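Using the sequences plus the hints, can you model the full thing?
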Amino acid sequence: MEMSYREALYQVMNNALTDPRTIIVGQGVSDPKGIFGTTLGLVDKYPDRVIDAPLAEEGITGICIGAALNGLYPINTHMRADFSLVAANQIINLAAKYRYMFNSNFELPMMIRMVIGRSWGQGAQHSQSPQSIFSHIPGLTVVMPASSQSILDWYTWALHYNNPIIFIEHRLLYDIKFLVGEINPYPLNTTIVREGKDITIVATSIMVLEAIRAAKYLEQYGIDCEIIDLNCISHPGWGDVLNSLSKTGKLLVADTSWLPFGVAAEVSRIVCEVNPFLLKAPIVSLGMKFTTCPTAKALEDIFYPNQRDLVKAIIKLVTGKNIHSIPLPDETSMADLYKKFKGPF
Amino acid sequence: MVFQNTFEKIFYNALRIRLVEEKIIELFPDDKIQSPVHLSIGQEPIAVGICNNLKQEDFLFSTYRSHAYYLAKGGDLKVMFAELYGKSTGNCCGKAGSMHLTAPEVNLMGTSALVASTIPHAVGAALAAKLLNKEHIIVTVFGDGATEEGVYHESLNFAGLHQLPILFICEDNGLASYTKKEKRQNYSLIEQASLYSITTWELYEGYDLGKVDITARLAIEAVRSNRKPHFIWFNTYRYKEHVGINEDHNLPIRDTTEYNLWKSHDPLIQNTELINKFSSIIKEEIEEAVEFAENSPYPKLHDLYLGVI
Numbered sequence: 001m002e003m004s005y006r007e008a009l010y011q012v013m014n015n016a017l018t019d020p021r022t023i024i025v026g027q028g029v030s031d032p033k034g035i036f037g038t039t040l041g042l043v044d045k046y047p048d049r050v051i052d053a054p055l056a057e058e059g060i061t062g063i064c065i066g067a068a069l070n071g072l073y074p075i076n077t078h079m080r081a082d083f084s085l086v087a088a089n090q091i092i093n094l095a096a097k098y099r100y101m102f103n104s105n106f107e108l109p110m111m112i113r114m115v116i117g118r119s120w121g122q123g124a125q126h127s128q129s130p131q132s133i134f135s136h137i138p139g140l141t142v143v144m145p146a147s148s149q150s151i152l153d154w155y156t157w158a159l160h161y162n163n164p165i166i167f168i169e170h171r172l173l174y175d176i177k178f179l180v181g182e183i184n185p186y187p188l189n190t191t192i193v194r195e196g197k198d199i200t201i202v203a204t205s206i207m208v209l210e211a212i213r214a215a216k217y218l219e220q221y222g223i224d225c226e227i228i229d230l231n232c233i234s235h236p237g238w239g240d241v242l243n244s245l246s247k248t249g250k251l252l253v254a255d256t257s258w259l260p261f262g263v264a265a266e267v268s269r270i271v272c273e274v275n276p277f278l279l280k281a282p283i284v285s286l287g288m289k290f291t292t293c294p295t296a297k298a299l300e301d302i303f304y305p306n307q308r309d310l311v312k313a314i315i316k317l318v319t320g321k322n323i324h325s326i327p328l329p330d331e332t333s334m335a336d337l338y339k340k341f342k343g344p345f
Numbered sequence: 001m002v003f004q005n006t007f008e009k010i011f012y013n014a015l016r017i018r019l020v021e022e023k024i025i026e027l028f029p030d031d032k033i034q035s036p037v038h039l040s041i042g043q044e045p046i047a048v049g050i051c052n053n054l055k056q057e058d059f060l061f062s063t064y065r066s067h068a069y070y071l072a073k074g075g076d077l078k079v080m081f082a083e084l085y086g087k088s089t090g091n092c093c094g095k096a097g098s099m100h101l102t103a104p105e106v107n108l109m110g111t112s113a114l115v116a117s118t119i120p121h122a123v124g125a126a127l128a129a130k131l132l133n134k135e136h137i138i139v140t141v142f143g144d145g146a147t148e149e150g151v152y153h154e155s156l157n158f159a160g161l162h163q164l165p166i167l168f169i170c171e172d173n174g175l176a177s178y179t180k181k182e183k184r185q186n187y188s189l190i191e192q193a194s195l196y197s198i199t200t201w202e203l204y205e206g207y208d209l210g211k212v213d214i215t216a217r218l219a220i221e222a223v224r225s226n227r228k229p230h231f232i233w234f235n236t237y238r239y240k241e242h243v244g245i246n247e248d249h250n251l252p253i254r255d256t257t258e259y260n261l262w263k264s265h266d267p268l269i270q271n272t273e274l275i276n277k278f279s280s281i282i283k284e285e286i287e288e289a290v291e292f293a294e295n296s297p298y299p300k301l302h303d304l305y306l307g308v309i
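Those protein sequences? They're chains Y and F, same order as listed. For the first sequence, this note's numbering assigns the number 1 to the initial residue and increments by one for each residue that follows. For the second sequence, this note's numbering assigns the number 1 to the initial residue and increments by one for each residue that follows.
To be clear, the hints were calculated from the coordinates, so they are not data collected in a lab. If you're wondering where the values come from, they're calculated on a predicted model, not measured in any experiment. Glycine residues also receive a C-beta, built at the ideal position from the N, C-alpha and C atoms. Careful, some of the hints might be misleading.
[What the hints assert, rightly or not] If you only want the chain F side, here are some residues facing chain Y, beta carbon under 7 Å, derived:
1. T102
2. S155
3. P267
4. I309
[Claimed, not checked] Chain F is nowhere near these chain Y residues, computed Cβ spacing over 10 Å in every case:
5. T61
6. A67
7. N89
8. Y100
9. S104
10. R194
11. Q220
12. G237
13. N243
14. K316
Okay, structure coming up:
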């Protein structure tokens, strides 16, 4: 059956609240928009446990920590991931360290949801993608769902996970419908989305969908891409990446954030440390240009890697040539396309 | 230990904290406690008065200056010395040390070196107590410097807004490291807490064991019965430097006259009768605890990786 990313989020939030220990806390969780529809109307069913928060990100995160220490399961929401950085003290200095610092005398089961914004003028402070910042910290678990199935599996599992877990959602995925099956009680850290023999594309979040589109396009020209959704950014299934690479010998990493010190850098580190001889060509990585995100559409279109950039990079890596006979797709803005994009994944 | 009356009991507990910290001062030059220590000497009556009126199931959130609260809440002395020594018999296997002492068995929750950072934890625990219909109350202790942090205001607001069963306690020693309050604050602590519809209490004689105990009792009973937020301001005095074992009254920031005045009121200096009565038995207990720490093993590589997630 098909389910949109938004519907999957609503379903897991609704299910989570059937446990009387669950609270959802954040700015706007009970307002008429309900975190883009994912908590809409839940306050009517659970008036005490769907708690609209004052504009106090650090305090609210700290309150969630304290609530978890006294028996609740808090779900803290940020409508944009950028706001979570206001709470970085509580997330990084406290939540991440609580178990270790106190030698497992306490457990901190809690969920932090944050949404990456993109396009329509999100600009410098509504567009950041902080997966590498949080994955850098021991004690945090970071997941970037790229499908409704990942949401159903991971968020359901997280309710029984006794550690802080951060979910970084992508706003442009909310309306996309995905095929879903039964909930997997043991979610996969990393998923092989498409099998192929010519190149391994390791992608995160919306870049997984970009990679799928590129792979479909290149199929007709005889290029066979293997796509790996890294999914659990803090604890990926490195075995899947290395196995795939032993088959293809070519690695492209496509991330939603900046490249320096980021996911692409980490994937490259692992490959180079474990077995650099798997590589038949230098690694290629794609991400945001290393500037602050501009608001103007003309600049933003250049800031993000588009389908043309991705296809071009794949062809060059697979063929080893800059000059070839494969035509490149012509797209100005991916965001325009996402308005119409309906899956199938 | 059998006491003649409550005063003897709280005196004993305060003296125990004083003597433990004096032992830490004695041991410190040997470099066996390789961790910053923030001593409570001079401030013991607050910890003792508060904890004398708490039940074991009440949660207490404290700070990096928490030797006094650890002991007053009922934490084990041997385990504390082992933790300070960084030994595997410490209740955090040495991973916490002095700045992150905790005693989960008596609900002294995890303490933190980031100023004001555990105040919202107390508010969250109070929210849970309210939603889960628990009977215990939540207490959070902090210094005057913590009240300048944004998260302190956020915490007071939330506790006031949701009317949570929490007691905020400010130990005002007038100093943030070496910076006096008049250089830092442009508000009255009491008035500010009142703004959030929080009931306030205050005591200037923070050295007076009996008065601290009564103030704490009244405020704690009030939180217990009306399940609403309360705030106590205690005037107190830190004898030692912000961090470390030395005195810093040679510095211009400190006032020797004020110091001598506090010492002249200090029951742990002035009440020689009770000091003489209890000192030897407490010192015996301390020696045993130190010996336990000395003889305990250090944690190993295996321990390093435990408890990340």
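Notebook entry, point to check: Minimum Cβ distance from F:T102 to chain Y below 7 Å?
Noted result: Given a least distance of 5 Å, the restraint on F:T102 holds.
Next item on the list: Hold the hint about F:I309 up to the distance rule: shortest CB distance to chain Y must be less than 7 Å.
Entry: holds (5 Å)
Next item on the list: Classify the label on Y:N243 as holds or violated, using whether its beta-carbon is more than 10 Å from each beta-carbon of chain F.
Entry: Fine: 25 Å to the nearest Cβ keeps Y:N243 off the interface.
Next item on the list: Classify the label on Y:T61 as holds or violated, using whether its beta-carbon is more than 10 Å from each beta-carbon of chain F.
Entry: violated (8 Å)
Margin query: Under 7 Å is the threshold here; is the Cβ of F:P267 close enough to any Cβ of chain Y for the hint to stand?
Written below: violated (33 Å)
Note to self: A cut-off of 10 Å on Cβ-Cβ distance, and Y:G237 was said to be off the interface with chain F. Does that hold?
What the structure shows: holds (16 Å)
Check: Hint check: is the beta carbon of F:S155 less than 7 Å from a beta carbon of chain Y?
Finding: holds (6 Å)
Item checked: Verdict on Y:Y100 as a residue remote from chain F, using beta-carbon distances over 10 Å -> violated (5 Å)
Item checked: Distal placement of Y:Q220 relative to chain F, Cβ over 10 Å -> Consistent with the label, Y:Q220 stays out of reach of chain F, its closest Cβ about 44 Å off (over 10 Å).
Note to self: Please check whether the beta-carbon of Y:R194 is more than 10 Å away from every beta-carbon in chain F.
What the structure shows: The assertion about Y:R194 holds, with a minimum of 30 Å to chain F.
Notebook entry, point to check: Per the stated criterion, does the least C-beta distance between Y:A67 and chain F lie above 10 Å, as a non-interface residue requires?
Noted result: violated (4 Å)
Checklist line | Given as non-interface: Y:S104, which should sit over 10 Å from chain F by C-beta | finding: Since the minimum Cβ distance to chain F is about 4 Å, Y:S104 lies within 10 Å and the statement is violated.
The structure fails hints 3, 5, 6, 7, 8, 9 (numbered hints given earlier, in ascending order).
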